[in-house]
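Chemist: Start from the sequences, fold in the hints, and give me the full structure.
Protein chains in written order, with our numbering: chain A, 1 to 436; chain B, 437 to 872; chain C, 873 to 1308; chain D, 1309 to 1744.
Think of the hints as simulated: they come from the structure by calculation, not from any bench.
Keep in mind it's a predicted model, so treat the numbers as computed, not measured.
Backbone N, C-alpha and C fix where the C-beta goes; we use that ideal spot for every residue, glycine too.
Don't take each hint at face value.
Computed cross-link-like contacts, DSS-like style, restricted to lysine-lysine with a CA-CA straight-line distance of at most 25 Å [said to hold, decoys possible]:
(1) K549/B - K432/A
(2) K1001/C - K732/B
(3) K52/A - K129/A
(4) K113/A - K200/A
(5) K129/A - K1740/D
To give an idea of the interface, some chain D residues facing chain A are shown, with a C-beta separation under 7 Å as derived from the structure [claimed, not checked]:
(6) A1551
(7) G1594
(8) M1673
4 protein chains.
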Amino acid sequence: MEIKPPSIEDIQNLSIRTLGAAHIPSPLSQRTVQFVSDENKILVYTHSLDLKKIREQNMEPPEFELAGPRDKLFFDPANLTCGIVTCGGLCPGLNDVIRTITLGLYWQYGVKKVLGFRFGYEGLSSLAKKEPLLMTPDNVDQIQHAGGSILGTSRGPQNLEDMVDVLVKNDISILFVVGGDGTFKGAHQIAELINNRRLKISIISVPKTIDNDIFCSERTFGFYTAVEEARKSIVAAHNEAKAVWNGIGLVKLMGRDSGFIATHATLANSDVNFCFIPEEPLFLDGETGILSRLEKRLARRQHAVIVVAEGAGQNLMADNNPVLKDASGNIIFHDIGLYLKEKISGFFKQKNIPVTIKYIDPSYMIRSCPSIAPDSTFCIMLGQNAVHAGMAGKTDMFVGYWNDHFTHVPLTMAVGKRKKVDLTGEIWQTVKLMTE
Amino acid sequence: MEIKPPSIEDIQNLSIRTLGAAHIPSPLSQRTVQFVSDENKILVYTHSLDLKKIREQNMEPPEFELAGPRDKLFFDPANLTCGIVTCGGLCPGLNDVIRTITLGLYWQYGVKKVLGFRFGYEGLSSLAKKEPLLMTPDNVDQIQHAGGSILGTSRGPQNLEDMVDVLVKNDISILFVVGGDGTFKGAHQIAELINNRRLKISIISVPKTIDNDIFCSERTFGFYTAVEEARKSIVAAHNEAKAVWNGIGLVKLMGRDSGFIATHATLANSDVNFCFIPEEPLFLDGETGILSRLEKRLARRQHAVIVVAEGAGQNLMADNNPVLKDASGNIIFHDIGLYLKEKISGFFKQKNIPVTIKYIDPSYMIRSCPSIAPDSTFCIMLGQNAVHAGMAGKTDMFVGYWNDHFTHVPLTMAVGKRKKVDLTGEIWQTVKLMTE
Amino acid sequence: MEIKPPSIEDIQNLSIRTLGAAHIPSPLSQRTVQFVSDENKILVYTHSLDLKKIREQNMEPPEFELAGPRDKLFFDPANLTCGIVTCGGLCPGLNDVIRTITLGLYWQYGVKKVLGFRFGYEGLSSLAKKEPLLMTPDNVDQIQHAGGSILGTSRGPQNLEDMVDVLVKNDISILFVVGGDGTFKGAHQIAELINNRRLKISIISVPKTIDNDIFCSERTFGFYTAVEEARKSIVAAHNEAKAVWNGIGLVKLMGRDSGFIATHATLANSDVNFCFIPEEPLFLDGETGILSRLEKRLARRQHAVIVVAEGAGQNLMADNNPVLKDASGNIIFHDIGLYLKEKISGFFKQKNIPVTIKYIDPSYMIRSCPSIAPDSTFCIMLGQNAVHAGMAGKTDMFVGYWNDHFTHVPLTMAVGKRKKVDLTGEIWQTVKLMTE
Amino acid sequence: MEIKPPSIEDIQNLSIRTLGAAHIPSPLSQRTVQFVSDENKILVYTHSLDLKKIREQNMEPPEFELAGPRDKLFFDPANLTCGIVTCGGLCPGLNDVIRTITLGLYWQYGVKKVLGFRFGYEGLSSLAKKEPLLMTPDNVDQIQHAGGSILGTSRGPQNLEDMVDVLVKNDISILFVVGGDGTFKGAHQIAELINNRRLKISIISVPKTIDNDIFCSERTFGFYTAVEEARKSIVAAHNEAKAVWNGIGLVKLMGRDSGFIATHATLANSDVNFCFIPEEPLFLDGETGILSRLEKRLARRQHAVIVVAEGAGQNLMADNNPVLKDASGNIIFHDIGLYLKEKISGFFKQKNIPVTIKYIDPSYMIRSCPSIAPDSTFCIMLGQNAVHAGMAGKTDMFVGYWNDHFTHVPLTMAVGKRKKVDLTGEIWQTVKLMTE
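Modeler: Following this line, the structure appears as structure tokens:
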């Protein structure tokens, strides 16, 4: 809702790379399916002011290619082998996506063999600890009702040449890569190497980021589930805060660079008094600092609920600490939750005002949930469109969602960029109006 | 997702009526809010083929006015009285909307008096059984966590002149009307009468339809909650069906004219074998009739799950039954669930094939739920934008949602029309591909 | 809670039949397990007045044999084959029980082969439609998180000689029978026939009745889950009732002969105004009839919530209707929910008092749920103790729960009798005090 | 389930103190209520071996007084003022108890005034920060659906003389004290002082301990809810653990001195591999130490789930740390969760075995939940019986639950003692058999 589109400067080339001409008739034509041609596009900008600016610059309004089944395929489903891999942290809906891709390949296109690589990119290495799982309709039965990923996942890259060798060895024609921004980088490099080695292997990504921060897609799967679960933690924090004199409920939510979960959960719950996100700098001291604002809130109402995204306030903690990175190359953040807890506690101790702080970190409980229905439906549409795109010979792309439609987006559009909460947009403004 | 836009013929006039010039500075300017001007518009069509057609006809692409806070108000918040009324059947999120409108008026604009009319339009009658409730931040505290509507609701219209008299008597300047297509009709008539009587009362609607069938809005509140709850019934039906030899689980879901709930719940659950919606005619007999298809399914798998929207198959039952209407003027549907149960039962009895049918009608349990988080957030944005629109002196309009933005839409655009599942669109095609 | 014990006349013989001397050392002795000897008993009566009466009659206070692992087994686990069968309607926890019995046999006793007979007693027939399932730790993995029964179920008896032949043919030494009062009757007959044919096959039952009406057991699995789910329906009925003028929410709950679910759900919810159970006759007319009481309630509060157990008020409907029975021999009840709906509707129509009735029948949604934690734990203890009993050579018995302990009870104690809500007991008295 | 009874040495005097002769006829006699006389008792021991031992010592088997409505009251409901106070940590069901006591006093006995003291014993101090809340049926409406305590709570004692003065000043005749072992100590001291000052004020406690560790009561409210919620964390930990190679899910649950929550949640979930409770010493090193056992588990299955009660393994951490206490006088425990996380992490790092540990501490989310139905029903029965006991002039007692009946127990029986998991009992033995 109210996602700020990418700036025109960020949009270079929205055309999708293909492996070659698609000339094999789709088996879907035997069932009454309406095909989508590559001429179907969706406008990136729909806002009159954005469009006006573009026209003033004599530019053509950019468009995303529309996703959907194509009447001609690049790959012949007979004797085709496809692969699936899930990378990075857990996210609600992973099993829905795995299941839909598997069933779509088997039942709709008649693909005979689908391999599930185990534990992320590690499973694509020749040193993989576990053999790929042979995916069948039977072994994806009912997995949509469980959280986690039946394939497992891991962080970090693997040797590119080695991964492409493994794909070749396993005779993979389409690899479905479910992951986030870091995973996209790897997927793009694999696609490039495949191109250099003149192989005919398609790389199709489904964006997976619980933070909802993938560039050029309004929404990603698992996000709504995350907000729903996050809300439960806030209810808990509110109950704890109200139950004691000067009670403070502090909830740390996911959101490394983008505060969408914190923002939406704050609105959904309506009991939050302070919401801190990475997009906005955090100040402890002074009149507008949060300590003083918190003091005023407690004086007025004797309880307060604080929601903080994990990436917020990193500025406060940067000074004295060395920068560490995880296997994916992500900077390991300082724990803003514990930091705030300590600072708040110290502040009120010094002022001799007794407060009780209850700190809740529900992250793992949120990530590992099964998806709620709106996310499940969304996963199915993403998975379906990923299969359609792969069969048509598209590559080096991910399935996005824009202006109510599913789209094809080049991987390069999202690598190294992140969608952020628009601080001047209406969602954040409403958070400001509804809190404190 | 993948909502088919209205045809160009259906779009006559998207401009919003106002009560007069807005010249009172908004109190929101004291808080760092970005205002939205009336020049901000959102394209109705974003699909290249739609836009091409429009350009070929030398027409201007139609646009919705963008919702949001205006820097100038028509009404002076001091001494303003506003009213809220909720009409029609229950829908998850009603209390979120009531709460947000109340708090938005009090806390953001400083309105001093908000009245909640009781039990729908009945409460706007001079013969109302209950006095309006004085709405305060205190009495809307925590109501967002409960289903139902604290104001109550009713079906059917009231005397127009009388209702406007009651508004005048209560000194109402903005009336917020939460309801569906039938309610919109009444709201529009009230707005017309107000205009004729040269009164300065704004009528702002928030669309409420659990079926998600309001024209010119991609999504309505409560819909996602309904799908989530509907999914639970389907899980139950699936468990019952699988637990016996030739078990059939039959679930009737809401959807009078539009099968969005059935469609999305079917995708979300992935255990449904047959999904029937009002948009597609239903046939019992013959090779393509559902009885024969069901027989094949049972022969293959020994269990089946059927989802049917309440408005589906009305053609089958029309012959022998008189047409009855409820207080709202809606045709009272024949019960397709019971009808199917009987027909299926008779069919297999005749064939001497033992089957066990378990019929579930979860409608009231779905309608009366509290909203899940994505709906709550959505309700807050709708309520906020309704308040902004009313304070700016807009009238005879509802708050819509289109291409990821909140919009102003004339009530007349949605009266007597309904958004429907596009049978050639990708969502329905996916249902077809994933079932049976 | 506050279960009335069986009368002393109902207790004839609580001693448990065995297949012979148990002399094989239990493999559990290698793990630090405390064994239970057959001398361990649990008093049936704990109430001073009950015990006084017994002493006055010079009787010995009766005792149940205590369940638990025995140090000597009758069966040698090596080369043993066991069977499991689930009968009758669905009940939350069936899969927990199936899983625990399977894992207990494999992991604790080292049994090598467990067969799951499909679809109730039908699966024990030589005409069974499906082969028994080979149960392994792998195929019971995670089944505890799903409702239903992976083995399936059916109603009604089968030929006794034939079933025993099937047991012999499959080399079954212990058959675990999960079912209710009707299933117990069959299990007892099987045990008798086995005895007559001098076979060494143990029949161990785990009571399954969502109604919680098994005689000589304070509690049965799935009951708490049923109450939890029933409560959700009542919340829905309450929201619907309050949302309109003179709204009546009517919920039909399970409870053929015993109103435990209705009683406990009424207390748990606290929003119920009328609770009708089979144990208490129901009157429509007159001063104390429910129609007149309902009228008074509506006059006072303008809404009402009614909970009715399916077996209540059968007296009202007996006259004009023939008696029908289902495959299990249970009388098919007239639908008291629809009957009440009609009668209430007619009554107020005649009085010209407009009311709105919303009728909810959540039965299938309740039965097919996965179990909540207190039931899951309970299932595990039941399943464990069933395994222990079978391995020790006990037979013709079920695992009960009494005075906080798991017990062995002869099947004959529960056949043809039912535990009922004590109308003079505190639970029902509290319902009376808290409603209307 | 399978609670070990107190040893005979621990049972000194089970007779209940009263304020004087009860001679006022109960208003409940106008409604068809079965009264309970003080002669109604419930045996403490029901196990044949326990009873044998007692008989051998020529002792009389001890009995608890049965709870329930008495036909004669000590207090005249007319002009009576009662008070309620909730102390200690949050626990699911607090609002159910508050509501039931309030409604029971108003509706059943016709008491006119009930005061809710705010924030625990602090609210009974003359320096209380907030005035007592006037409790009415209206302000307890629907509170049962929310977690927390509408009265608030606090830790620690207050001046005894001052609290009794406040009771006198507010004209309190019955004070209902909802709290745990520490709260009981205060309640008993208040009762003693009241006795010394020859006042006629009854002190009735309802045991509140999420740990289920109150002595002489088999079960306490909120415990089942806690187990249900704890199970969700374990599911999360299991999903996280399985999703990566050598994944370890570590969940810390409540349980300071008694591991009932950990024990029951482990059984309910069935995915736990290690369960550590305070009753059993914890060893890290050596063959039987958990590090080595964990290594074997990972080698075998590549993932593990650990549940640890907060009070477990305190022996490990005692050496280097000073003993700190909270306001209630409870020793502040070292965080066994973080400790284990560190030790496990270090152990595998040293062995050069890569593992991923996900640590979940759901405590605040569990405590602050609304109660599930079995707990709600239980709360209502506790609250009802507390009201009955108070009106009859009983004092210095709490309402217990034993052998399926509600009982009166002297406060002194539970002060300074704790119910513990029986390491030789069947529940714990089953945990041992089902894990690793």
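Chemist: Compare the structure with each hint and give your call.
Modeler: A quick look at each hint next to the structure:
{"no.": "1", "hint": "K549/B - K432/A", "result": "holds, 23 Å"}
{"no.": "2", "hint": "K1001/C - K732/B", "result": "holds, 17 Å"}
{"no.": "3", "hint": "K52/A - K129/A", "result": "violated, 55 Å"}
{"no.": "4", "hint": "K113/A - K200/A", "result": "holds, 17 Å"}
{"no.": "5", "hint": "K129/A - K1740/D", "result": "violated, 31 Å"}
{"no.": "6", "hint": "A1551", "result": "holds, 5 Å"}
{"no.": "7", "hint": "G1594", "result": "violated, 29 Å"}
{"no.": "8", "hint": "M1673", "result": "holds, 4 Å"}
Consistency note: the structure conflicts with the earlier hints numbered 3, 5, 7.
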